[in-house]
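Taken in order, these protein sequences are the chains called A and B.
No gaps in the numbering here: position 69 of the first sequence is 69 in this note's numbering, and each next residue is one more.
Position in the second sequence counted from 1, then plus 1000, gives you this note's numbering.
No incorrect hints appear here.
Under the rule of at most 27 Å between Cα atoms (straight-line distance), these lysine-lysine pairs were calculated in the DSSO-like manner: (1) B:K1005 / B:K1071; (2) A:K57 / B:K1038; (3) B:K1054 / B:K1037; (4) B:K1071 / A:K57; (5) B:K1068 / B:K1038; (6) A:K13 / A:K57; (7) B:K1056 / B:K1071; (8) B:K1005 / B:K1068; (9) B:K1037 / B:K1071; (10) B:K1005 / B:K1054; (11) A:K57 / B:K1005; (12) A:K13 / B:K1038; (13) B:K1071 / B:K1054; (14) B:K1037 / B:K1068; (15) A:K57 / B:K1037.
Hint data in this document are derived by calculation from the structure and do not stem from the laboratory.
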Amino acid sequence: KAGVTQTPRYLIKTRGQQVTLSCSPISGHRSVSWYQQTPGQGLQFLFEYFSETQRNKGNFPGRFSGRQFSNSRSEMNVSTLELGDSALYLCASSPGVGGGSEQYFGPGTRLTVT
Amino acid sequence: DQQVKQNSPSLSVQEGRISILNCDYTNSMFDYFLWYKKYPAEGPTFLISISSIKDKNEDGRFTVFLNKSAKHLSLHIVPSQPGDSAVYFCAANAGGTSYGKLTFGQGTILTVHP
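With the rest of the complex left out, here is chain A (with noise of 0.2 Å):
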């Protein structure tokens, strides 16, 4: 099976503009979550979709936001922007139900605020 994907790799973007991030999960993985991870603050929960509806949510302000399509497919926005945003964005998809927590990553989204 093909792993979790997501565009882009890497992304500059400025203060004040919004982005959006995207997340393929596993073939057959229902939950898709995403997490922040900075130097400061290490790898930080920010929600999870299920079955296109969001199930659990983090302590992130309002300014991030995401979807998850019926296809599983999600995204993630970030409206104004501000330097802090500056981390590695990282999704990870699971089966959702049953079993385990075993979570399973992409390889990220860098992204840099200036």
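Since the structure of chain A is already known, use the hints to place chain B on it.
Leaving out everything else, chain B in the frame of chain A:
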């Protein structure tokens, strides 16, 4: 409030010896624990997991131990190999409706010397 803590930022071991990485948690609702390995510029790779109903799980060179009363888990790698050099993260999940949300520790950098 850091619910999952890895108190050792780094660990250095000789090839062939045992590597022991430790993790503590504070949230009693966590019932599933995972270890991930991460190389620079890549997403985390799932290594091994353990449910709270067990106290040990083995997979090849990797063994995870869980001490629920102490809220402590550890990852043992035997024998350690230079290719194991990476950042190791422990993560926890509260199950149920929090299925898709992992809470991560800050990571431990493991260096295995030839």
